[in-house]
Amino acid sequence: MRHVLFVCLSGIAFAQTWQAVEFQLTGNSNAFSGNTIAWADIDGDGDMDVYADSGGLWLNNITSFSNGNVLIPSFSGGPWSAAFGDYNNDGKPDLHLAMGTSGTNVVLQNVFPSAFVNVAGSLGYTDSEFCQPAYWGDYNNDGNLDIYVTHENPGEPNEFWQNSGLTWNPRFNNGGNPDPFGLADRNSHAYGLTWGDIDLDGDIDIVTSACGSNSVIPNERPYNKVYQNQVIMTDGPPADRFVNLTQDIGVVNGSEIMNGSQDYWAILFDYDGDAFPDLFIGDNSGNHRLWRNTGTNVGDFGFELVPASTHGLAGGGAFGHTAVAGDFDNDGDLDLYLTVTGIFINNGDGTFSHKTFIPNTSSFHDAAWVDFDMDGDLDLVNQNDLYLNPGNNNHWLAIELVGDPSKGTTRSANNVKIKVTSANKTQYREHRYLVGTYSQNMLPTHFGLGPDKTATVEVTWPNQTTTVLNNVTANQYLSIAQTANCGGSLSSNTPAILTSCSGESFPLSIQSSSGNPIEWRVKSGPHHAPTQFSDRHAMAPVFTPQSPGQYILVASYAGCMETGVEVTVMSLLTENWADTGPYAVDMNNNHRTDILELMDICLFPPE
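Using my numbering, the first residue of the sequence shown is number 206, and each one after it goes up by one.
No lab work stands behind these hints, which were simulated from the structure alone.
Worth double-checking, as some hints may not be accurate.
The list that follows gives simulated cross-link-like pairs (lysine-lysine, DSSO-like), each with its CA atoms no further than 27 Å apart [said to hold, decoys possible]:
1. LYS630 x LYS612
2. LYS658 x LYS630
3. LYS728 x LYS297
4. LYS624 x LYS728
5. LYS658 x LYS728
6. LYS622 x LYS728
7. LYS560 x LYS612
8. LYS622 x LYS297
9. LYS658 x LYS622
10. LYS560 x LYS622
11. LYS624 x LYS658
12. LYS297 x LYS612
13. LYS612 x LYS622
14. LYS297 x LYS624
Taking CB as the label site, the calculated pair distances span [what the hints assert, rightly or not]:
15. SER307 x SER694: 54 to 64 Å
16. GLY249 x ASN668: 43 to 53 Å
17. GLU425 x SER307: 20 to 30 Å
C-beta: ideal position from N, C-alpha, C; glycine also.
Make the full structure from the sequences, and use the hints.
Now the structure itself:
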């Protein structure tokens, strides 16, 4: 018979100090060390894997990481920066590695489960200069990811490579400054690089930050630059170019141009929630500057310097190379992590407060926010370790997009705009906006919702069509496709509620009236990893919960969140979980620890 389970909901809050888990998960204390740390779903299992230039490739199993260096071919030189991007639109993240003082850049095509293949030569791409960051972006909305590569040394112009779908074409020259396309800066020294639609006109603009004083251009030192993406109409085909508006909008002055900038990072993030990306540039002496984007209408933008005494981000953090934005506390405001200094909480009123949650912030190169365990809150990785976010009671959404290249969107939907509206807040993001100084990630776009339990999600694609989902339940990962086959109906062959003891699996089964592809997801539960399904695209997968608790599972047509059938799974604890006393577990999915006094809740053996 089944015995009684006594439950005491103690309401114990998570501690604020974040636990370092790199060695626990990898068996290696230097797995994620090096200049660059970049995340993407390499193997297509739904969770985020990581590449670090010193530790190499690590495949995420949620509760551990497996070394995947057998998948990375040998190459000469040492990577200085890494950027994931699906350049050939096959749904698999490819990897660009920009070399430092030696070697030639490589483009590694993802052909998982086989090893990556270096295809730089076949694409017509070569770059053997000392590179700084190199990031992907579709500048002309043709559905192909282009790449911009910045350099360290003056006299080695930055390079923009346009992806035609089959080959890469150079859009730069080694002559005058600027070149006709506008991005081949001969003074170089670009340490920071970021893409973003700063004027909300539908195409992505570029910001670079400079650190250096050596120059090959008379009366001009390396300085920070804001490039607006412009299309000039002519009698023939439209002419495209980037225009340096930095002085016009007041981001630099004459003195800085004459003496040079001394800045490491440049990031765009909407810290005040008005949809216009704001600019944050980090100085190597800690004199960090925040510019608020003053735009109010499409095509209109400007940058207003926020006094350091107001924003609270200046001072300290000398020689920190990276700032990364993410809503780690799920309150709906983008917070910051600065290498060397630590976390700065966005107070929601235009100011930030420094916090010391992270035990070791001494590393000065790269960092990234990532929900590696798929529990709905952003964890943090820096050169020192991977830190587990203890979470709180706030709600969240994580959104993955699938673009249609035939409609002018890259398959990975880079820089597609997402608007999330809930009862207390409206938020705006560009998909794939998360970058570090030396890395570009391919992550779902994360939104904190605070106390709000539902939201409306609106996606605006590059062709200006929209996808709107109303009354979306919080605390889930969503996949939204620009073009999806949503016709047909689904029905379940599985009971609506299933109960099992911990460690046991749940067989699931649905049937469809059409042949359209389907996908399973965890709508709510302690863990959202797709790897809990034996095959998340199967009609009859097996679900094995990662930990005890209540899960609501949904099967829907791929990319069609409005279709679907639900199954509720209750995974209980077995008696031997209690052999050493009370076991701490989050049974009701509120990010707080419950204390379960266990007394023979499962039948061992049957009576």
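Review point. Going back to the hint list, which numbers does this structure go against?
Key: 1, 7, 10 and 16
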